[in-house]
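Colleague: Next come the chains, spelled out residue by residue.
Number of protein chains: 2
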Amino acid sequence: MFESAEIGHKLSKTAYRAAVPALRAALLQAQVGLFEKRKTPVVVLISGQDGAGKGETINLLNEWMDPRFISTVAFSEPSEEERERPPMWRFWRALPPKGRIGFFAGSWYSEPIRERVESQISEKELDARAEQINRFEEMLVNEGALVLKFWIHLTKDGQKKRLKALSADPRTAWRVTPWSWQRLKTYDQLHEVAGHMLRLTNTAAAPWVVVEGSDDRYRAMSIGQVLLAAMQKSLLETQSPRPVVAPMVRVDIDGRNVLSALNMQQALPDDVYKDELAKWQGRLSELVRDPRFKNRSLVCAFEGADAAGKGGAIRRIAAALDARQYQITPVAAPSEDERSQPHLWRFWRQLPRNGRVAIFDRTWYGRVLVERVEGFCSESDWLRAYSEINDFEHEIIDAGVIVVKFWLQISQDEQLRRFKEREQVEFKRFKITQEDWRNRDKWDKYQQAICDMVERTSTGEAPWTLVEANDKNFARIKILRTLCQKLEMALQDKRWEAGSGLKRDKGGKKG
Amino acid sequence: MFESAEIGHKLSKTAYRAAVPALRAALLQAQVGLFEKRKTPVVVLISGQDGAGKGETINLLNEWMDPRFISTVAFSEPSEEERERPPMWRFWRALPPKGRIGFFAGSWYSEPIRERVESQISEKELDARAEQINRFEEMLVNEGALVLKFWIHLTKDGQKKRLKALSADPRTAWRVTPWSWQRLKTYDQLHEVAGHMLRLTNTAAAPWVVVEGSDDRYRAMSIGQVLLAAMQKSLLETQSPRPVVAPMVRVDIDGRNVLSALNMQQALPDDVYKDELAKWQGRLSELVRDPRFKNRSLVCAFEGADAAGKGGAIRRIAAALDARQYQITPVAAPSEDERSQPHLWRFWRQLPRNGRVAIFDRTWYGRVLVERVEGFCSESDWLRAYSEINDFEHEIIDAGVIVVKFWLQISQDEQLRRFKEREQVEFKRFKITQEDWRNRDKWDKYQQAICDMVERTSTGEAPWTLVEANDKNFARIKILRTLCQKLEMALQDKRWEAGSGLKRDKGGKKG
Chain A
1 MFESAEIGHK LSKTAYRAAV PALRAALLQA QVGLFEKRKT PVVVLISGQD
51 GAGKGETINL LNEWMDPRFI STVAFSEPSE EERERPPMWR FWRALPPKGR
101 IGFFAGSWYS EPIRERVESQ ISEKELDARA EQINRFEEML VNEGALVLKF
151 WIHLTKDGQK KRLKALSADP RTAWRVTPWS WQRLKTYDQL HEVAGHMLRL
201 TNTAAAPWVV VEGSDDRYRA MSIGQVLLAA MQKSLLETQS PRPVVAPMVR
251 VDIDGRNVLS ALNMQQALPD DVYKDELAKW QGRLSELVRD PRFKNRSLVC
301 AFEGADAAGK GGAIRRIAAA LDARQYQITP VAAPSEDERS QPHLWRFWRQ
351 LPRNGRVAIF DRTWYGRVLV ERVEGFCSES DWLRAYSEIN DFEHEIIDAG
401 VIVVKFWLQI SQDEQLRRFK EREQVEFKRF KITQEDWRNR DKWDKYQQAI
451 CDMVERTSTG EAPWTLVEAN DKNFARIKIL RTLCQKLEMA LQDKRWEAGS
501 GLKRDKGGKK G
Chain B
1 MFESAEIGHK LSKTAYRAAV PALRAALLQA QVGLFEKRKT PVVVLISGQD
51 GAGKGETINL LNEWMDPRFI STVAFSEPSE EERERPPMWR FWRALPPKGR
101 IGFFAGSWYS EPIRERVESQ ISEKELDARA EQINRFEEML VNEGALVLKF
151 WIHLTKDGQK KRLKALSADP RTAWRVTPWS WQRLKTYDQL HEVAGHMLRL
201 TNTAAAPWVV VEGSDDRYRA MSIGQVLLAA MQKSLLETQS PRPVVAPMVR
251 VDIDGRNVLS ALNMQQALPD DVYKDELAKW QGRLSELVRD PRFKNRSLVC
301 AFEGADAAGK GGAIRRIAAA LDARQYQITP VAAPSEDERS QPHLWRFWRQ
351 LPRNGRVAIF DRTWYGRVLV ERVEGFCSES DWLRAYSEIN DFEHEIIDAG
401 VIVVKFWLQI SQDEQLRRFK EREQVEFKRF KITQEDWRNR DKWDKYQQAI
451 CDMVERTSTG EAPWTLVEAN DKNFARIKIL RTLCQKLEMA LQDKRWEAGS
501 GLKRDKGGKK G
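Which chain is which? The protein sequence lines are A and B, in order. So the first sequence is residues 1 to 511, counted in the numbering used here. So the second sequence is residues 1 to 511, counted in the numbering used here.
If we strip away everything but chain A, and leave its shape as in the complex, we get (with noise of 0.2 angstroms):
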């Protein structure tokens, strides 16, 4: 993996302050097609070792090109709002939208090269994570992200020669901290560990650049050159990335499939829905104030039919809880800056803080409900988006985050019945609207949509719970049954109790 760095690569002062004009030029015009074009968003890693010169690179890169259209996170301990999150959180929060560039001083790899290094977890563990890495990479790339991934290399004798030297400058002995000198101890832990990494996530769609770090000219000169190629060719490009993705095919023989064997009578008389209803919402009030839900958060997903009855299921639960305490999120058409980033990337935002409920009408599977069906996004795009879900979940469960998802199903009579009672009731008429009418002529396409959706995305830790919802009564006493019992189920696992360590660890652990 390193060998191509560690050749004495140099550059001469001459040829490098002949060569630099014309880079600059042309990466600054790259930077401003790119920004024009408002298509790519350029995610550029800068990782290596300690005195690597990871620093003075993003700082020249800044010199070089327009910083207004750069920035430039750096990553070290996490905030109180981020430790409160899934580990990945802030990396999505950092993301740069379209058009412009992000320097990322540290990123996703940090923690579980250094938990590797440490030993804190096992060599499996760390190749779990490489593997969610490379599935996050590939969904940024299919995005239309740009993700360069440079590794700046030193040999040890290398490293120790630059710590030295940067000590010995005023002006840069603030960059070397004991940790630095601590590291160069670990020089052969984090080699081979990072080797390791790199070997495991060096994929087509996002590979490593090893360069190698000893020559301040060379290093920068083979960043830019790399950068400004990869730039100039996103630019020329004129479709978006197109994965491999194979066709949705499917059996259907008897033609029943999940919803058609629902069995849609179920219904409770208001008495009986009375009394479960009080029982109910008073469990769930419990359970979010029960002491281990302080280290955890609840995350509820709505999706059905138009008229299916979403809102009055979530008013119910809403009720139980205090307002203070959880959030509903409507989801409509993305905003101008939601439309910049990835499709999950407004999902990511709305996650709730530990102790917290956050309520999704409507949610990230749009994309392969209405978008597909509607035509507004591409076929691979929704064909890629289950698994990229199915990630999405996953890593936010792991860092302890309680998933509910809820399927509301009625049958196209009584969604009938109920537009034409929403047409009398002049407060509820907005909610009709002609598209609504529209959408009952594509029933049949999404109805296979939805069964190609609960087949696709209904995993063990994450399962679509289908609610007959003709009965309103019946739906909403489902609803609020199932997600005490899920929320009491999942309060039981002891992995996110106080004092059980990081949860990024368990999280690893499971990865």
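Simulated from the structure, these hints should not be mistaken for laboratory data. There could be a bad hint or two in this list.
Identical chains blur together in the list; that is why a pair holds if it fits in one copy or across any two.
[Claimed, not checked] Dumping the calculated BS3-like pairs for lysine-lysine here, alpha-carbon to alpha-carbon at most 27 angstroms:
id: 1; residue 1: K279; residue 2: K13
id: 2; residue 1: K161; residue 2: K274
id: 3; residue 1: K279; residue 2: K164
id: 4; residue 1: K279; residue 2: K160
id: 5; residue 1: K13; residue 2: K185
id: 6; residue 1: K37; residue 2: K420
id: 7; residue 1: K13; residue 2: K274
id: 8; residue 1: K124; residue 2: K98
id: 9; residue 1: K164; residue 2: K233
Just so you know, these numbers come straight off a predicted model, no measurement behind them.
Please arrange chain B on chain A, whose structure you already have, making use of the hints.
Modeller: For chain B alone, kept in the frame of chain A given last:
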């Protein structure tokens, strides 16, 4: 202040049950109307004594209305990310966008009242905070928000009774903390301080509504009705509020102004420039690594005519900093999310954490420059913006942020020369558009706007530095030198040194 809420208001169960359905329907309808117009954010403060029923009220309103378009925010201890920014930052980030309702459990009133009750601040200091709050709320209202402030009042006896009742019921006992009982002991002080604060902040734009809290039904119905009436009234309004503003009047007898008084011939030869550049960049890099900067942050604001050299000057500053420490924000037209908030929101959002630097390439002064000249906002909007901007800068300076503002002035001839030059260089061509040429035609209008801006916003704590920028060398050195000198001076201010108490208190003392 509280007399009208001590007369034993009650509402019978029968009357309540009869009235609620119509109220709910009307509230929902008003809510939908406001959401569809997307012009008005509704900010609802629910304040009052402990046990007065604030939480119950918020929960009930969430139940009555469509909770998907409501956000409820509780403010307890500020988080780490909040503590490292000016006190108002947490409230700005929680403001509801246009068309939505935000319930605030706890608000910008909580801290000043608490601090005064605990004698941490003097009555004079409380008055100063009240004045700040009035200006903030006036700004919200002028920006189109509906601001509703409820104070739920209980007599001392009433409070004791409610706390006992809450404690007795296992479902509500958790709400009563030792702190609640403590509050009962300080009832008289709270009563006095709150009464004083309410009187001072009972403005025409955002008056208080004091509600008797002892009867649940009466309390809920009162607040519901006031909320409904306010929303309905807002729906009927076809015009945005037009605050009383005095027209811009100016005296121009001798044709001289701050811009024409500048000596635009000033220049620096290259060799002097190089030495000075190294000197001041070195100084700057020392200053931002000064331990005293750890509790402060720096905001650099750059304004100037097109091609005045803002970008080049900013790059010279950035070169002296570590890229992980600064963020450059280029300010262009606001995004969709930003347009649904008060005009200063997008700048609050970019405020740096402690120890960090935020550089704005164009700023919050856009409203009194381009928006004024091009007619992108109404005359009263830009006329009131001067004092809103002064308030904004005062608030953040008061919290330890160091604000340095530069206007880069070039002559019309020099601008023309630079425009032509830009057209010759391929990668600079993007910088020059038809709009730039059109702006030139409005040169005189812009000069006038700049003079008015300097006159009204060059405050003692945040003065403008006018930079003669016909010569880039001269301009860049003047900017770097000024920045270093201002930073150096600001760091001598001991108010924000570690261990000198809460910044917020200090802010109050100065306020």
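Colleague: A separate judgement is required for each hint: does it hold in the structure or not?
Modeller: So, going through the hints one by one against the coordinates:
1. Taking identical chains as interchangeable, the C-alpha atoms of K279 and K13 lie at most 27 angstroms apart only when they sit on different chains, with a minimum of 23 angstroms there against 78 angstroms within one chain.
2. In the homo-oligomer, the alpha carbons of K161 and K274 never lie at most 27 angstroms apart, since the shortest distance is 76 angstroms inside one protomer and 30 angstroms across protomers.
3. For the identical chains of this complex, K279 and K164 are inter-copy neighbours only, at 25 angstroms across copies versus 69 angstroms inside a copy, given an alpha-carbon limit of 27 angstroms.
4. When the C-alpha separation of K279 and K160 is checked against a cutoff of 27 angstroms, the pair qualifies neither within a copy, at 67 angstroms, nor between copies, at 30 angstroms.
5. Within a single copy, K13 and K185 get their C-alpha atoms no closer than 33 angstroms, and across copies no closer than 76 angstroms, so neither meets the 27 angstroms cut-off.
6. In this assembly of identical chains, K37 and K420 lie within 27 angstroms of each other by CA distance solely across copies; the values are 25 angstroms between and 46 angstroms within a copy.
7. Taking the shortest alpha-carbon separations for K13 and K274, only the inter-copy value of 19 angstroms comes in at or below 27 angstroms, while the best intra-copy value is 82 angstroms.
8. Proximity of K124 to K98 under the C-alpha cut-off of 27 angstroms is found in neither arrangement, the shortest distances being 35 angstroms within a copy and 50 angstroms between copies.
9. In this assembly of identical chains, K164 and K233 lie within 27 angstroms of each other by CA distance neither inside one copy nor across copies; the values are 39 angstroms within and 71 angstroms between.
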